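Student: Residues per chain are reported as follows:
There are 4 protein chains.
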Amino acid sequence: MRKIMVLGGSCGGHIAVRIARLGDYELGDIEVRKFPDGETYIRLVSNVADKDVVYVNSIAKDVNDLLIETLFTLETLKELGAKKVYAVIPYFPYARQDERFNPGEVVSFNVVARMLERAGIDEVWTIDLHLHRVEDISKLFKIPARNLTAVKELCAYMKEIYRLEKPFIIGPDEEAEQWARVASEYFDSEYDVLEKQRLSAEKVVVKPKHIRDFKGRDVLIIDDIISTGGTIVEAVKVIKNMNAGDIYVAVTHALLVKNALTKILKAGVKDVVSTDTVLSPTSRVTVAPLIVRELSKIGE
Amino acid sequence: MRKIMVLGGSCGGHIAVRIARLGDYELGDIEVRKFPDGETYIRLVSNVADKDVVYVNSIAKDVNDLLIETLFTLETLKELGAKKVYAVIPYFPYARQDERFNPGEVVSFNVVARMLERAGIDEVWTIDLHLHRVEDISKLFKIPARNLTAVKELCAYMKEIYRLEKPFIIGPDEEAEQWARVASEYFDSEYDVLEKQRLSAEKVVVKPKHIRDFKGRDVLIIDDIISTGGTIVEAVKVIKNMNAGDIYVAVTHALLVKNALTKILKAGVKDVVSTDTVLSPTSRVTVAPLIVRELSKIGE
Amino acid sequence: MRKIMVLGGSCGGHIAVRIARLGDYELGDIEVRKFPDGETYIRLVSNVADKDVVYVNSIAKDVNDLLIETLFTLETLKELGAKKVYAVIPYFPYARQDERFNPGEVVSFNVVARMLERAGIDEVWTIDLHLHRVEDISKLFKIPARNLTAVKELCAYMKEIYRLEKPFIIGPDEEAEQWARVASEYFDSEYDVLEKQRLSAEKVVVKPKHIRDFKGRDVLIIDDIISTGGTIVEAVKVIKNMNAGDIYVAVTHALLVKNALTKILKAGVKDVVSTDTVLSPTSRVTVAPLIVRELSKIGE
Amino acid sequence: MRKIMVLGGSCGGHIAVRIARLGDYELGDIEVRKFPDGETYIRLVSNVADKDVVYVNSIAKDVNDLLIETLFTLETLKELGAKKVYAVIPYFPYARQDERFNPGEVVSFNVVARMLERAGIDEVWTIDLHLHRVEDISKLFKIPARNLTAVKELCAYMKEIYRLEKPFIIGPDEEAEQWARVASEYFDSEYDVLEKQRLSAEKVVVKPKHIRDFKGRDVLIIDDIISTGGTIVEAVKVIKNMNAGDIYVAVTHALLVKNALTKILKAGVKDVVSTDTVLSPTSRVTVAPLIVRELSKIGE
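Sequence order for the protein chains is A, B, C and D. If you're matching positions, the first sequence starts at 16 in our numbering and goes up one per residue. If you're matching positions, the second sequence starts at 16 in our numbering and goes up one per residue. If you're matching positions, the third sequence starts at 16 in our numbering and goes up one per residue. If you're matching positions, the fourth sequence starts at 16 in our numbering and goes up one per residue.
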């Protein structure tokens with residue numbers, strides 16, 4: 016029988032512990048530290064030989080630092096005899112630059128994918144990766160890749176803690192429809208997305224595609240990510256003006272650059288909730304069960 | 016005839032300008048900036064198609080950030096049609112970790128070398144790379160690699176500005192002998208290195224291998240690098256106690272972590288001089304001529 | 016009647032919004048940003064003239080940056096005509112250095128107190144400030160000062176979310192007794208603190224003062240702060256070995272330096288909960304109601 | 016007789032060593048370090064009782080961190096019995112914000128001046144402080160204050176190293192005239208400043224006030240500071256188009272934000288030189304002699 020060891024990088028340790036606890040897997044140990052000159056030292060403290068290793072690390076905020084840490088670790092796992100290596104990157108970076116929009120640009124999304132493959136790993140897993148122009152994660156990677164979603168976990172939390180009953184689900188832009196739809200199924204509730212409508216040469220408004228009045232119902236805004244918070248703040252303003260009840264925000268990845276949280280709260284949101292893919296003040300829902308469930312399938 | 020374009024990364028731009036000016040090469044342009052979420056945006060503004068590209072970037076201080084910038088750029092150069100790509104990394108990182116000293120360690124020196132090769136470059140050049148246990152740079156890389164030395168440039172500066180005449184050359188430890196020897200040849204002067212001598216079970220002293228008294232002569236300490244400054248400070252203390260005249264320090268790479276410069280000056284050093292491989296308050300000597308001289312050979 | 020305006024600094028905005036909403040106070044606006052040269056720009060966007068201003072800012076993590084921001088803002092409030100200025104510093108820094116332990120040390124706790132007073136404010140409020148050797152906050156300040164506690168808010172959350180019934184309360188060291196006592200009153204439950212016991216010249220053990228066996232009961236560790244997490248990890252190890260049920264940790268201020276959270280989870284803690292005095296991945300309890308309750312008294 | 020002790024903060028240590036060496040003063044020792052939680056620890060290692068203390072610290076780059084370090088240290092010096100305290104702040108921050116340009120702005124230049132005075136120091140010295148709208152440094156401080164200039168030291172270096180003979184001196188804007196004039200006196204050479212001229216409603220050009228052609232003469236651009244380098248780059252472009260010989264840049268304070276140095280070199284400058292008020296890759300001239308000369312006067 017396959018022996019699984021779970022390992023966490025410096026932005027994945029908290030998830031690794033929870034995966035190991037929940038799935039009753041062995042939890043391995045990695046030492047990561049920085050020398051005064053800025054170089055990273057990494058040691059796989061646990062013996063990984065002949066094991067299937069699940070390495071968990073989000074690549075957010077100190078993006079390049081964590082990317083190097085991840086690549087260094089993955090490259091070494093096989094060298095040390097790991098049988099299979101699953102790279103679980105709950106937050107996968109550089110998704111925006113999936114194309115050469117202007118001549119000469121580095122298409123970093125592809126470059127990162129190539130680097131991961133060359134590190135010799137067997138599979139890549141991620142969570143709510145925003146695929147803008149790439150149709151499917153299998154188009155990005157030559158190795159098996161899975162893109163899980165945490166939207167149901169987020170909805171379950173909102174239901175339990177805030178007792179939300181059939182809230183109106185809103186995706187703050189058209190690309191968010193995929194997540195809004197999942198949430199609306201969970202709540203058995205309607206959903207809509209906001210879109211930009213050009214009124215005249217100078218005037219653009221943001222409006223829901225279909226709905227014109229929320230009739231006092233609570234609204235749950237669902238998206239994959241909050242970065243600077245601009246999109247959400249704009250969405251909240253629009254929704255507030257349409258007779259909404261309480262407004263909540265739930266996203267998978269909360270980067271919350273600078274004072275994004277304060278801006279969103281100020282706009283009139285009741286609460287903001289996210290998962291722990293990226294540790295943030297809004298991290299209330301762990302993605303560990305999601306990964307454990309997926310892990311339970313790989314032995315089959 | 017081959018057309019050479021010189022490009023500088025965010026820690027190589029100052030050298031690239033000087034190479035282009037000195038060698039009368041075309042100077043290309045790269046845009047590098049950071050998004051608020053920490054991701055790096057890179058665009059090769061100049062058209063590199065069908066050109067031999069010399070890309071210059073030191074990978075020091077924000078090591079992982081610069082490593083990713085370098086890898087992203089190099090990976091893209093060939094994609095955009097560059098004919099040959101010379102990666103000039105004046106300061107090459109992770110030289111310390113060239114072996115697995117303890118089980119499980121990432122041998123980062125090798126991993127970085129592999130990453131560079133996989134980016135598709137044709138040659139790697141560096142300057143005064145400290146090869147600890149790797150005998151020769153050609154053992155590290157499968158592609159052609161050159162390790163230039165800036166010691167003569169440093170000596171020329173010391174001679175011109177401080178009118179040093181036959182200073183006693185000291186390498187602060189045994190691994191510095193290679194640089195001390197070059198300097199002693201330049202000045203036609205003696206050299207020695209410091210070594211640790213065990214006096215008893217408890218007591219270790221640092222002493223020059225051969226010399227016992229400097230007889231009032233000026234001393235020039237030569238090394239490849241100053242990181243925290245500890246080695247140099249210890250060397251200065253030893254030398255001061257042996258009847259030395261003025262003490263100068265010249266190194267290729269001055270990282271000067273925290274208050275290293277103040278510590279060294281405080282120890283009694285007259286002045287500290289370094290090259291511009293890493294920009295630092297002691298950068299007085301450019302390595303551009305060194306690279307131009309080497310470039311002039313590649314067309315032959 | 017007195018008009019109160021609530022203002023939030025860059026680490027207090029989220030609390031200010033909640034205070035204003037809860038207490039139905041006017042929420043003012045401050046613009047804070049950095050110039051490329053590292054200088055801070057601050058503008059009080061709202062008119063504060065003739066108002067009683069409650070300025071909320073925690074001084075944690077980028078301690079000196081936030082201290083300067085706070086001092087600059089407070090200094091200017093009176094200049095702009097604010098009638099009364101309440102400086103609410105939920106996390107108050109430099110509490111450790113309240114004495115000159117070695118000759119020549121800066122007693123930074125006192126210096127910060129003096130700086131605040133000189134800024135012309137009327138009152139200082141803080142939350143669970145750890146007074147080590149200063150008996151009472153009124154000994155530190157010449158102006159009125161209040162030190163509120165968030166322990167009951169934390170306990171209420173633990174009870175509601177984790178259905179804790181009479182957990183055994185543990186303070187991880189003797190200085191934590193003050194908070195353990197409050198929690199034990201809330202839960203109507205026993206408490207104890209851990210203490211260092213010297214077994215021999217070489218051997219020190221950490222043990223509860225009184226209890227010898229937890230008999231399967233759940234344990235709630237209560238403290239004011241988690242910094243690197245060392246104290247908590249040690250406490251958890253001791254408690255786990257004494258037949259404890261589930262172990263939870265609740266603290267007011269979660270600084271969570273580096274990977275503190277992962278370390279604590281790894282030690283076997285079920286969950287870690289903190290307030291929002293410092294925004295952290297464990298911030299589940301807002302201190303806003305605490306401050307609103309106190310504010311409601313000042314008009315009386 | 017008065018005993019002077021020179022002390023250096025974390026951005027002044029290198030100057031303090033040189034002052035002590037040159038003026039044959041006692042060099043004291045301060046320990047400054049950071050705790051993992053971001054708080055600063057400072058200890059005056061040397062005994063300062065009954066001494067006249069010259070404390071040197073530039074407040075640049077990590078501005079607020081260094082401001083707090085400086086204030087903490089100065090506040091403590093008198094407490095520890097120093098007789099007179101001279102705060103030498105070679106780079107003085109927040110000079111830009113010397114007025115309330117928009118309602119509600121913090122006038123940080125004044126606030127910093129007040130904070131320094133309240134720390135109990137006897138005199139403030141600085142170097143080439145850019146007084147924009149404050150006529151004289153004595154208007155800013157209630158205690159004695161001196162604003163020294165390093166322009167002659169810069170000119171002497173340019174003359175010796177680059178053998179500049181009567182270069183044309185250019186101030187890159189009208190506020191730089193004060194420094195250009197000093198340089199022109201040193202070289203016994205002409206000077207001019209650049210100014211913005213409005214050609215039409217849309218078009219503004221930058222041009223020298225008087226000169227129309229440099230007739231192949233070398234140009235030395237003199238200014239107090241390089242921050243992002245924008246002003247200098249624009250000046251170089253203008254000057255290059257007016258038949259200039261070699262162009263050099265000399266400034267007192269080189270902040271060199273991001274890639275400012277590369278931008279300036281790229282614009283066609285032969286070399287950039289600055290003092291060591293702020294440590295930078297262009298720091299070739301120490302301001303220590305300037306301060307020693309001033310110190311020699313205070314005993315008189």
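It should be emphasised that the hints constitute simulated quantities derived from the structure, not laboratory data. All of these numbers come straight from a predicted model, not from anything done at the bench. Hints should not be assumed to be uniformly reliable.
[What the hints assert, rightly or not] 30 Å max Cα-Cα, derived DSS-like pairs, lysine-lysine: (1) C/Lys230 with A/Lys76; (2) B/Lys222 with B/Lys252; (3) C/Lys174 with A/Lys174; (4) C/Lys211 with A/Lys76; (5) B/Lys273 with D/Lys76; (6) B/Lys218 with B/Lys76; (7) C/Lys76 with D/Lys49; (8) D/Lys93 with C/Lys154; (9) C/Lys157 with D/Lys93; (10) D/Lys93 with D/Lys167; (11) D/Lys76 with C/Lys273; (12) A/Lys285 with C/Lys154; (13) D/Lys167 with D/Lys211; (14) C/Lys76 with D/Lys76; (15) B/Lys174 with A/Lys49; (16) D/Lys18 with C/Lys252; (17) B/Lys255 with D/Lys285; (18) A/Lys281 with C/Lys76; (19) A/Lys49 with B/Lys76; (20) A/Lys181 with C/Lys49; (21) C/Lys181 with C/Lys76; (22) C/Lys312 with C/Lys285; (23) A/Lys167 with C/Lys252; (24) C/Lys93 with C/Lys167; (25) B/Lys218 with B/Lys167; (26) C/Lys49 with B/Lys76; (27) C/Lys49 with A/Lys273; (28) A/Lys285 with A/Lys230; (29) C/Lys230 with A/Lys18; (30) D/Lys281 with B/Lys174.
[Stated by the list, open to error] Covered, in the sense of this in silico footprint (three residues per stretch, anywhere, with C-beta under 8 Å from a C-beta of chain A), are these stretches of chain C: (31) 18-29; (32) 222-236; (33) 294-308.
[Unchecked claim] Partial list, derived from the structure: chain A residues whose beta carbon lies under 10 Å from chain C: (34) Gly23; (35) Gly27; (36) Gly28; (37) Arg36; (38) Gly38; (39) Asp44; (40) Val47.
Built from N, CA and C at the ideal position, the CB exists for glycine as well.
Student: Hint by hint, note whether the structure agrees.
Tutor: Each hint tested on the structure:
1. C/Lys230 with A/Lys76: violated (44 Å)
2. B/Lys222 with B/Lys252: holds (10 Å)
3. C/Lys174 with A/Lys174: This hinted pair holds, its Cα atoms lying about 19 Å apart.
4. C/Lys211 with A/Lys76: This hinted pair is violated, its Cα atoms lying about 39 Å apart.
5. B/Lys273 with D/Lys76: holds (14 Å)
6. B/Lys218 with B/Lys76: violated (35 Å)
7. C/Lys76 with D/Lys49: holds (11 Å)
8. D/Lys93 with C/Lys154: At roughly 22 Å apart (the allowed maximum being 30 Å), C/Lys154 and D/Lys93 satisfy the hint.
9. C/Lys157 with D/Lys93: holds (21 Å)
10. D/Lys93 with D/Lys167: Violated - the C-alpha atoms of D/Lys167 and D/Lys93 are around 34 Å apart, more than 30 Å.
11. D/Lys76 with C/Lys273: holds (24 Å)
12. A/Lys285 with C/Lys154: Violated, at about 39 Å.
13. D/Lys167 with D/Lys211: Judged against 30 Å, a Cα distance of about 27 Å means the pair holds.
14. C/Lys76 with D/Lys76: holds (18 Å)
15. B/Lys174 with A/Lys49: violated (38 Å)
16. D/Lys18 with C/Lys252: Since the Cα atoms of D/Lys18 and C/Lys252 sit roughly 56 Å apart, the hinted pair is violated (cutoff 30 Å).
17. B/Lys255 with D/Lys285: violated (38 Å)
18. A/Lys281 with C/Lys76: holds (23 Å)
19. A/Lys49 with B/Lys76: Roughly 11 Å separates the two Cα atoms, so the pair holds.
20. A/Lys181 with C/Lys49: Violated - the C-alpha atoms of C/Lys49 and A/Lys181 are around 43 Å apart, more than 30 Å.
21. C/Lys181 with C/Lys76: Violated - the C-alpha atoms of C/Lys76 and C/Lys181 are around 34 Å apart, more than 30 Å.
22. C/Lys312 with C/Lys285: violated (38 Å)
23. A/Lys167 with C/Lys252: Violated, at roughly 35 Å.
24. C/Lys93 with C/Lys167: At roughly 34 Å apart (the allowed maximum being 30 Å), C/Lys167 and C/Lys93 break the hint.
25. B/Lys218 with B/Lys167: The given pair, whose Cα atoms are some 37 Å apart, is violated under the 30 Å limit.
26. C/Lys49 with B/Lys76: Holds, because 23 Å separates the two Cα atoms, which is no more than 30 Å.
27. C/Lys49 with A/Lys273: holds (12 Å)
28. A/Lys285 with A/Lys230: holds (18 Å)
29. C/Lys230 with A/Lys18: Violated, at roughly 34 Å.
30. D/Lys281 with B/Lys174: OK: D/Lys281 and B/Lys174 at ~29 Å, within 30 Å.
31. 18-29: Per the Cβ count (4), the hint holds.
32. 222-236: With 0 residues close enough to chain A, the hint is violated.
33. 294-308: holds (count 5)
34. Gly23: holds (7 Å)
35. Gly27: holds (9 Å)
36. Gly28: holds (3 Å)
37. Arg36: It holds, given that the least Cβ distance between A/Arg36 and chain C is near 8 Å, below 10 Å.
38. Gly38: violated (15 Å)
39. Asp44: Holds - the Cβ of A/Asp44 comes within 10 Å of chain C, reaching about 9 Å at its closest.
40. Val47: holds (8 Å)
Checked against the numbered hints given earlier, the structure breaks hints 1, 4, 6, 10, 12, 15, 16, 17, 20, 21, 22, 23, 24, 25, 29, 32, 38 and satisfies all the rest.
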